[in-house]
Every structure is written in C-alpha cells, then in structure tokens.
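Q: Sequence:
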Amino acid sequence: MKLSIDHIVLNVEEISKSIDFYTGVLLLQSERLSEYQKNEAPFPSVRINSDTIIDLFPKHMWATEAQQNKGQGNLNHFCLAMSKEDWLLLTERLQSNGIRIEAGPVNRFGANGVGTSIYFRDPDGNQIEARYYSKEDAADSCLLGS
0 MKLSIDHIVL NVEEISKSID FYTGVLLLQS ERLSEYQKNE APFPSVRINS
50 DTIIDLFPKH MWATEAQQNK GQGNLNHFCL AMSKEDWLLL TERLQSNGIR
100 IEAGPVNRFG ANGVGTSIYF RDPDGNQIEA RYYSKEDAAD SCLLGS
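Numbered according to numbering that gives the first Met the number 0, the sequence shown spans residues 0 to 145.
Just so you know, the hints here were simulated from the structure itself, not pulled from any lab data.
Just so you know, these numbers come straight off a predicted model, no measurement behind them.
Note that CB positions come from ideal geometry on N, CA and C, so glycine has one too.
Be a bit skeptical, because a hint or two may be false.
To be verified - Restricting the straight-line Cα-Cα distance to at most 30 Å, the calculated cross-link-like pairs of lysine-lysine (DSS-like) are: (1) Lys83 - Lys37; (2) Lys16 - Lys37; (3) Lys58 - Lys37; (4) Lys16 - Lys58; (5) Lys83 - Lys1.
To be verified - Simulated restraints, written as ranges between beta carbons of each label pair: (6) Lys83 - Ser33: 30 to 38 Å; (7) Thr51 - Ala102: 33 to 41 Å; (8) Cys78 - Lys1: 18 to 26 Å; (9) Trp61 - Leu88: 30 to 38 Å; (10) Gln36 - Ser133: 35 to 43 Å; (11) Lys58 - Lys83: 30 to 38 Å; (12) Asn111 - Glu13: 30 to 38 Å; (13) Asn38 - Ala110: 13 to 21 Å; (14) Asp5 - Gly109: 17 to 25 Å; (15) Leu88 - Thr51: 17 to 25 Å; (16) Asn75 - Lys37: 28 to 36 Å; (17) Ser3 - Gln94: 30 to 38 Å; (18) Glu91 - Pro41: 28 to 36 Å; (19) Gly97 - Thr63: 31 to 39 Å.
With the hints as extra help, turn the sequences into a complete structure.
A: Encoded structure:
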C-alpha cells in the first residue's frame, strides 16, 4: 500500500493573518481564497506540493467543538522539506518579518534521513519545522526529539 498525506487542517483565529503568513513568508500558493472571500467555499487552503494542502479552518468552524473537547489538540508540529537555497531564503524571510526561530539549526531524522532543521510558529502558534537534506548532513549524528 502506498500512502501520502493529502491535507493537514489547522484551526486559525484570523484567516487573513494565516494567508499572509503561508503565502508571504512560506511562499505557498493559496487555493480557493477568492471563493472563500465570496462565501462560495467554507475555508481556504494553501498548497504545499501537487499532492498536499493545508486547510485553514476559520474560527466559526471549530470554536464550539474546541470548547467541548479541551485538551484534544494533538498536533506537535509539521515539517516542510525544501532545498538548502530555499531554506536559507526562508530563514531570511522569517527574520525580516520578525518571526522568531525557536530552535535550530539542528540535525534531525526525518522521512529522507538526517536533515538540518529550524523551528518557528505560525500566527496561531502552530509549530513548523523547515528542513533541508544534504549529503554532508547525512553523515552527522541525529539528535533525539525530532
């Protein structure tokens, strides 16, 4: 069986802040944003790659459920892999936008071996790991907690 991640759903406080972050800082393409703005779609998304999107649920879709299920949030973080060049440019964009890098650069194990990672948060506090893989990194030892 071959599986892939189709989508991740994030509960967000303010759609516009999240769209600005994911399209302006992470440079992802928005999906269904104009439809959402015209009330023709219940939520917008951003595209990670041809197979995976992040759905951005506005507060009215999750606020009541969140109150009923306090403590049910189990997302620790998600990781976006990219080239070293894109990773360096992202690091610059994070700094120029005043977004604090909480950890890293550190070498951590992932789907393609050991890569170099940084950790930061989106406007709603979701932790994001950005990583690149290179042959030099694969020779380094892995740190626990990836």
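Q: Compare the structure with each hint and give your call.
A: Going down the list of hints, with the structure as the test:
1. Lys83 - Lys37: 38 Å, violated
2. Lys16 - Lys37: 18 Å, holds
3. Lys58 - Lys37: With Cα atoms ~17 Å apart, Lys58 and Lys37 stay inside 30 Å; holds.
4. Lys16 - Lys58: Holds - the C-alpha atoms of Lys58 and Lys16 are around 13 Å apart, at most 30 Å.
5. Lys83 - Lys1: Cα-Cα ~27 Å, so holds.
6. Lys83 - Ser33: 30 to 38 Å: Holds - the Cβ-Cβ distance for Lys83 and Ser33, about 34 Å, lies within 30 to 38 Å.
7. Thr51 - Ala102: 33 to 41 Å: 24 Å, violated
8. Cys78 - Lys1: 18 to 26 Å: Because 20 Å falls inside the window, the suggested range holds.
9. Trp61 - Leu88: 30 to 38 Å: 32 Å, holds
10. Gln36 - Ser133: 35 to 43 Å: The hinted range 35 to 43 Å holds for Gln36 and Ser133, with Cβ atoms some 40 Å apart.
11. Lys58 - Lys83: 30 to 38 Å: The hinted range 30 to 38 Å holds for Lys58 and Lys83, with Cβ atoms some 37 Å apart.
12. Asn111 - Glu13: 30 to 38 Å: Holds: the Cβ-Cβ distance is about 34 Å, inside 30 to 38 Å.
13. Asn38 - Ala110: 13 to 21 Å: The hinted range 13 to 21 Å is violated for Asn38 and Ala110, with Cβ atoms some 38 Å apart.
14. Asp5 - Gly109: 17 to 25 Å: The hinted range 17 to 25 Å holds for Asp5 and Gly109, with Cβ atoms some 19 Å apart.
15. Leu88 - Thr51: 17 to 25 Å: The hint (17 to 25 Å, Cβ to Cβ) holds, given that Leu88 and Thr51 are roughly 21 Å apart.
16. Asn75 - Lys37: 28 to 36 Å: 35 Å, holds
17. Ser3 - Gln94: 30 to 38 Å: Holds: the Cβ-Cβ distance is about 32 Å, inside 30 to 38 Å.
18. Glu91 - Pro41: 28 to 36 Å: 35 Å, holds
19. Gly97 - Thr63: 31 to 39 Å: Distance hint for Gly97, Thr63 holds at roughly 33 Å.
Going down the numbered hints, you'll see the structure goes against 1, 7 and 13, while the others check out.
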